[in-house]
Amino acid sequence: EVQLLESGGTLLQPGGSLRLSCAASGFIFSSYSMTWVRQAPGKGLEWVSSISAAGDDTFYADSVKGRFTISRDNSKNTLYLHMNSLRAEDTAVYYCAKVFYRFGQFDYWGQGTLVTVSS
Amino acid sequence: QSVLTQPPSVSAAPGQKVTISCSGSSSNIGNDYVSWYQHIPGTAPKFLIYDNDKRPSGIPDRFSGSKSGTSATLGITGLQTGDEADYYCGTWDSRLSAEVFGTGTKVTV
Numbered sequence: 001e002v003q004l005l006e007s008g009g010t011l012l013q014p015g016g017s018l019r020l021s022c023a024a025s026g027f028i029f030s031s032y033s034m035t036w037v038r039q040a041p042g043k044g045l046e047w048v049s050s051i052s053a054a055g056d057d058t059f060y061a062d063s064v065k066g067r068f069t070i071s072r073d074n075s076k077n078t079l080y081l082h083m084n085s086l087r088a089e090d091t092a093v094y095y096c097a098k099v100f101y102r103f104g105q106f107d108y109w110g111q112g113t114l115v116t117v118s119s
Numbered sequence: 001q002s003v004l005t006q007p008p009s010v011s012a013a014p015g016q017k018v019t020i021s022c023s024g025s026s027s028n029i030g031n032d033y034v035s036w037y038q039h040i041p042g043t044a045p046k047f048l049i050y051d052n053d054k055r056p057s058g059i060p061d062r063f064s065g066s067k068s069g070t071s072a073t074l075g076i077t078g079l080q081t082g083d084e085a086d087y088y089c090g091t092w093d094s095r096l097s098a099e100v101f102g103t104g105t106k107v108t109v
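Residue numbers (the numbering used here), protein chains in the order written: chain W, 1 to 119; chain V, 1 to 109.
A few of these clues could be false.
[As the list claims (entries may be wrong)] Quick list of in silico lysine-lysine cross-link-like pairs, DSBU-like style, CA-CA up to 35 Å:
#  : chain 1 : residue 1 : chain 2 : residue 2
1  : W       : Lys43     : W       : Lys65
2  : V       : Lys106    : V       : Lys54
3  : V       : Lys54     : W       : Lys43
4  : W       : Lys43     : V       : Lys46
5  : V       : Lys17     : W       : Lys43
6  : V       : Lys106    : W       : Lys65
7  : V       : Lys17     : V       : Lys46
8  : V       : Lys17     : V       : Lys54
9  : W       : Lys76     : V       : Lys17
10 : W       : Lys76     : V       : Lys54
11 : V       : Lys106    : V       : Lys17
12 : W       : Lys43     : W       : Lys76
13 : W       : Lys65     : V       : Lys46
14 : W       : Lys65     : V       : Lys54
15 : W       : Lys76     : W       : Lys65
16 : W       : Lys65     : V       : Lys17
[Said to hold, decoys possible] Simulated restraints on C-beta separations:
#  : chain 1 : residue 1 : chain 2 : residue 2 : range
17 : V       : Gly69     : W       : Leu11     : 42 to 48 Å
18 : W       : Gly16     : V       : Gly75     : 26 to 32 Å
19 : W       : Ala23     : V       : Ser57     : 22 to 28 Å
20 : W       : Ala88     : V       : Pro60     : 27 to 33 Å
21 : W       : Lys65     : V       : Thr19     : 33 to 39 Å
22 : V       : Arg62     : W       : Ile28     : 17 to 23 Å
23 : V       : Leu96     : W       : Ala40     : 15 to 21 Å
Hints listed in this document are in silico derivations from the structure and should not be mistaken for laboratory results.
Every residue, glycine too, gets a C-beta built ideally from N, C-alpha and C.
Only chain V is shown next, with the shape it has when bound in the complex (with noise of 0.2 Å):
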């Protein structure tokens, strides 16, 4: 079981916003930085969010995020039917020396 909760599932219409939650504790969050992937199944994963709110070369200013705590969340405005897929948060946790995933959620547009 992963570390790190999510919502399973969050939806809403073209052009709209959502935010997706990434519920940790203070040995992954709460003491490091969180990324951001996309992942539609049969594709190669897409990284999206670093250092908690930096995004990649070539990531469009609607996906942004934000840490506070032990909690992350990841926002995406002005939503397009590509943007249907699984998003994941990821940290390093230092309790388990490990990399550690959210449990992942599935955006429906």
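Next comes chain W alone, as it looks inside the complex (with noise of 0.2 Å):
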């Protein structure tokens, strides 16, 4: 059974940093893309982040470019978010997510964690 446990949310100031973790189970996680996904409180799903099975080829959405940097490690089963600078704005549940087959298409995600920005 797949299974994405997203954890390191939590309540920081504006200007701080945070790492988000994403341990992955259930599957070969060296073979397939992974994304991160994220939703404000009353809003859509946004797209954040996505990194490629081998890790070098990694995407990111205007609103984070330059703040954050997604990374994994395969020997651990495991992606990361790194968050800098972060912003009130930033305020969301942050999920992990497996792609199918192709980016754009993501069959799993996991349950979430939640990152308040707040001064």
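Take each chain as given, in its own frame, and dock them per the hints.
In structure tokens form, the structure reads like this:
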């Protein structure tokens, strides 16, 4: 059974930094691209970033480009999202998701972790 | 703001059918495949449709997808109370070089 478990969400002040983790199991992690998607309170889904299976290709939404870095450790079956210069508008539930067979298709999602940026 | 537009809400009685539209442009829906997701708040989103009209394993044939030009549609027949959720379309936008989701539609049964 595919499982994705996010962790690392917390309350922090604007300008702060945070690292989210997503522990994967139930599939060959190193064979699949992965993605982060977020949902701000009362808003819809917003794609944040994606990374290829080997980790050599990364993609970012304009809203986070230059502040967030996606990475993965295939030896640990773990996906990361490094978040810097956090803003109030980054407040959201962050979901990690497995790419089905091409970018834009996310077949398994985690339950999400809440990041709150507030002074 | 999302570049894919969906109606905010649709509703129907149990057993009936609803359709949800997703309107985009030539740089997104008109240029790539569409996926659909079901999201019950507080839970993990669920993958319903890929490549415009294909269902992943385990998704009942009550759910169907289609695409024409720069618009896509999700259909749900035989509505059940368990279908109450938010539904999102998604695709790649070549102009933005980004994955984009629709504005979301709340289905009430």
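Status of each hint after checking the structure:
no. : hint                          : verdict
1   : W/Lys43 - W/Lys65             : holds, 20 Å
2   : V/Lys106 - V/Lys54            : holds, 22 Å
3   : V/Lys54 - W/Lys43             : holds, 27 Å
4   : W/Lys43 - V/Lys46             : holds, 17 Å
5   : V/Lys17 - W/Lys43             : holds, 26 Å
6   : V/Lys106 - W/Lys65            : holds, 30 Å
7   : V/Lys17 - V/Lys46             : holds, 20 Å
8   : V/Lys17 - V/Lys54             : holds, 19 Å
9   : W/Lys76 - V/Lys17             : violated, 45 Å
10  : W/Lys76 - V/Lys54             : holds, 32 Å
11  : V/Lys106 - V/Lys17            : holds, 14 Å
12  : W/Lys43 - W/Lys76             : holds, 33 Å
13  : W/Lys65 - V/Lys46             : holds, 27 Å
14  : W/Lys65 - V/Lys54             : holds, 32 Å
15  : W/Lys76 - W/Lys65             : holds, 26 Å
16  : W/Lys65 - V/Lys17             : violated, 41 Å
17  : V/Gly69 - W/Leu11: 42 to 48 Å : holds, 45 Å
18  : W/Gly16 - V/Gly75: 26 to 32 Å : violated, 44 Å
19  : W/Ala23 - V/Ser57: 22 to 28 Å : holds, 24 Å
20  : W/Ala88 - V/Pro60: 27 to 33 Å : violated, 41 Å
21  : W/Lys65 - V/Thr19: 33 to 39 Å : holds, 36 Å
22  : V/Arg62 - W/Ile28: 17 to 23 Å : violated, 31 Å
23  : V/Leu96 - W/Ala40: 15 to 21 Å : holds, 19 Å
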